[in-house]
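A.B. asks: Fit chain V to the known structure of chain C by using the hints.
Residue numbers (this note's numbering), protein chains in the order written: chain C, 1 to 599; chain V, 600 to 780.
The set of hints was computed from the structure by calculation and includes no laboratory data. Possibly wrong hints are sitting among the right ones.
EDC-like cross-link-like pairs, simulated, lysine to aspartate or glutamate; straight-line CA separation at most 20 Å [unchecked claim]: (1) K307/C with D675/V; (2) K423/C with E26/C; (3) K728/V with E231/C; (4) K307/C with E765/V; (5) K228/C with E765/V; (6) K455/C with E357/C; (7) K159/C with D173/C; (8) K561/C with E203/C; (9) K734/V with E26/C.
Per label pair, the in silico range of CB-to-CB distance [to be verified]: (10) E677/V with N511/C: 36 to 46 Å; (11) A758/V with E577/C: 41 to 51 Å; (12) E677/V with D206/C: 32 to 42 Å; (13) G174/C with S715/V: 31 to 41 Å.
In this text, a Cβ means the ideal position worked out from N, Cα and C, and glycines have one as well.
Below, each chain spelled out in residue letters.
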Amino acid sequence: MPDIYDGVRQSCQQSWLELPRRAPNEVHFVISDSEDLDRLCAWAKQQNYYLCTMVTNDERALEDHVFKLYYVFSAPQGDLVILEHLLNDPKHLEQYPSIREVFPSVEGLELEAYDMIGLSPLDYPIPHGFVLHEPYPPDLYPLRPRRSPKVLIEERIEKHIKPPSPPLPQLPDGMFFLPVGPIHAGIIEAGHFRFHVAGEVIENLDIRLGYKHRGIEKLFQAQYTVEKGWELAEKVSGDSSFAHAMAYCQAAEALAGIESLPQSALYWRGLFLELERIYNHINDVGALVHDMTFDLVASEIAVLREKMMRLNQHLTGHRLLRGVNRPGGIVLKRVPDWEALQTEVVDITGEFLRLGELIMKMPACRDRAFTTGVMTGQQVKKFGATGLAARAACGASDILGTALADELRQHDFRLKHPQGVYKLHTKLCDEIRATIVTENTKPSASFRRVQVFQKDLQGDVFARLALRVAEVETSSRIIQRLASRMKKFAASELALIEPDIFTQALRKTPNFEFGIGYVEGWRGDIFYWLMKGPGNTIFRCKVRDPSLFNWPALRLATIRKPKLETNDKTQSQDYWENILADFPLINKSFNLSYAGHDL
Amino acid sequence: MRSQLTDKTITVWGLLRPRLLNLLKTLHSHGKLHTEKPPLPDLTAKRRSIFIRHLDCGSCNGCELELNALNNPIYDLERFGIQFEASPRHADVLVMTGPFTRNLEEAARLTFDAMSEPRRIVTIGDCAKDGGIFKDSYAVTTRPPEIEAVIQATNIHVAGCPPAPEEILKALVKLPPMSSA
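Chain C on its own, in the form it takes in the complex:
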């Protein structure tokens, strides 16, 4: 299999530069020519690379005096590839060569960057208003440091006169709009959906988010030091509090060059991450079942979820596992009774799996969930969907048996880029691999309670439901393994390395270095890109929640689309269709974060 060096040699005709690796699996190239970058990205797409994030950074005050662009890719071989590109073309200092044709998932990042920092693609115009809506002047660009004082920004916002809303587009006869939101008829977050419907069939869907934009990336710059940033990170998205804080802390540790944490800290992080996965999966399965009007089971599942939350409270003092992560380790007030913890988790998940099996066999559920909200394998690849949504399409009939299907099945950062406890114990990775039963699965995995076969994961609501149930079992088994090993740690052994050590290590780090942190949260991979400024301040912190990539996927799963993508217009086509009543199910099966998307 060709690696990135082959790709760079093949694609780059102009000069390129490899910078020293900060971590064993991080490769960092500076690509100066935009055409080289294009070719390299096209090559990467062919090799099933996955775009992790695009960071736009205002480095005009630094030594290069330009805006810079960092693309981060995840390679199937386990490397993280960072491509750095300087926007030093004097004619286009604030424009960059877009890779959207090759990686359409970059769209959200591009739109966000245009609002926040004012950089736009060279090749085509893009609109303002992705996260900064009408109340903001279009050229506010809050992430440009020279306009940092809050008073200045607010003055400009106050002066700005809100433009009238644009007129609605014309629809063909017989079709109509169904607007929903931004305030929804339930206890959920704010976002606007506009369905284009013909009868009951959803022909198209416009999603407008950004209502919950809280200026998190600016707050990181303006108010936080690298040591303290975890406080804000865990408030990016409430249900992924721990995963976000962990990704932030790992970025901070990578930045400070701390290579080894105390072993117990790694164990704790693994344990809490899996606890978070379990309570969210239980919650979402309950919500799905509630929408299928199977309320008896939904109530039982709600009780199980509450038990998980109380377990969290008991372990960490916070129901959402907040306040335990620090750069350098974990802070805990007490060490639990391991036997009790193990029994509790086994009891809760065992009961949940029993209910999960029941749901998966229930005809009413199968009737509603099969072929609803289908996302084909090719679409997942094309639009860069990630996390659970991507894994749930690994058995789609259009890709089954190809390398892409294997790639999607293992599209899990715990497997692709194992760190921490997943790196220490390969057994844990085996557990994760056994979640989805394939033809080659070893018989050792057969004593799992829930068996989900790869060929059944067709990217529909049922696939996501079944995968959630299976992942709860995996997480439960991982927790059993972790807990039985953690018994051996002495109770006095605090997992935190001395904060001084972290601060000292950070002080030795030159300014304007950056670190990368990534975590497979329950929705998918969470990515942090953290650059240090003078005096331990944060120069830039780019947060990328998996929801950013999965919202377009949700739209795609909802709208009417041909079952097979062909260019032959003469042939009559079969279509995947969803009706309005399917949307709550599709939405819940993804359960994406609005807050994590809007930042």
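C.D. replies: Chain V only, in chain C's frame:
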């Protein structure tokens, strides 16, 4: 059905008995002077029946998770006569979470305007108090005076990030009856 009708236990007396008893009761009560008022049904629970509308003003979803937990069988909000509504037009109380972002300002105002009076606003979570850790962000703004006035008048805030469901529950149950507003 048929077997029941022909059952031996149904006799003429059996059919007549309840009617006779009723007749006797009526005669009895008519023949007597009411010396005391019949006891009123306990209305306190009914007067507390409150319809709530949730309004997210930019929270992190933590408060929503805990609000959702109120509906589970453990906290079971509806046993207190309190329930969440799908429309602000049906709601007595608005439950606000989050620091009040600029992008949601208009939608929040429209939601508030859609409520009929008397209305109340309960704020939940540290962000909803004063913006919390998002206080100094350019994206967070002050609430319109008419909303702020109702918040002040209601004067119920549940602190916490997010507050535990029992804290929210305690605050909601303590809400005075709407008629006194």
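A.B. asks: Is the straight-line distance between the alpha-carbon of K228/C and that of E765/V 20 Å or less?
C.D. replies: violated (30 Å)
A.B. asks: Okay, E677/V versus D206/C on CB: inside 32 to 42 Å?
C.D. replies: Once the Cβ atoms are compared, 36 Å apart, the range 32 to 42 Å for D206/C and E677/V holds.
A.B. asks: Are the Cα positions of K455/C and E357/C separated by 20 Å at most?
C.D. replies: Given that 20 Å is the threshold and the Cα spacing comes to 18 Å, the pair holds.
A.B. asks: Does 36 to 46 Å hold as the CB distance between E677/V and N511/C, or does it fail?
C.D. replies: The hinted range 36 to 46 Å is violated for E677/V and N511/C, with Cβ atoms some 57 Å apart.
A.B. asks: Is K307/C close enough to D675/V, meaning Cα to Cα at most 20 Å?
C.D. replies: This hinted pair holds, its Cα atoms lying about 15 Å apart.
A.B. asks: Need the status of pair K734/V, E26/C: alpha-carbon distance at most 20 Å?
C.D. replies: violated (37 Å)
A.B. asks: Is K561/C within 20 Å of E203/C, Cα to Cα?
C.D. replies: Judged against 20 Å, a Cα distance of about 8 Å means the pair holds.
A.B. asks: Need the status of pair K423/C, E26/C: alpha-carbon distance at most 20 Å?
C.D. replies: Since the Cα atoms of K423/C and E26/C sit roughly 16 Å apart, the hinted pair holds (cutoff 20 Å).
A.B. asks: Is K307/C close enough to E765/V, meaning Cα to Cα at most 20 Å?
C.D. replies: Satisfied, since the Cα-Cα distance of roughly 14 Å is no more than 20 Å.
A.B. asks: Holds or violated: K159/C and D173/C, Cα atoms, limit 20 Å.
C.D. replies: Since the Cα atoms of K159/C and D173/C sit roughly 42 Å apart, the hinted pair is violated (cutoff 20 Å).
A.B. asks: Taking the Cβ atom of G174/C and the Cβ atom of S715/V, is their distance within the range 31 to 41 Å?
C.D. replies: holds (37 Å)
A.B. asks: Given a hint of 41 to 51 Å, does the C-beta separation of A758/V and E577/C actually sit inside it?
C.D. replies: With a Cβ separation near 48 Å, A758/V and E577/C satisfy 41 to 51 Å, so the hint holds.
Checked against the numbered hints given earlier, the structure breaks hints 5, 7, 9, 10 and satisfies all the rest.
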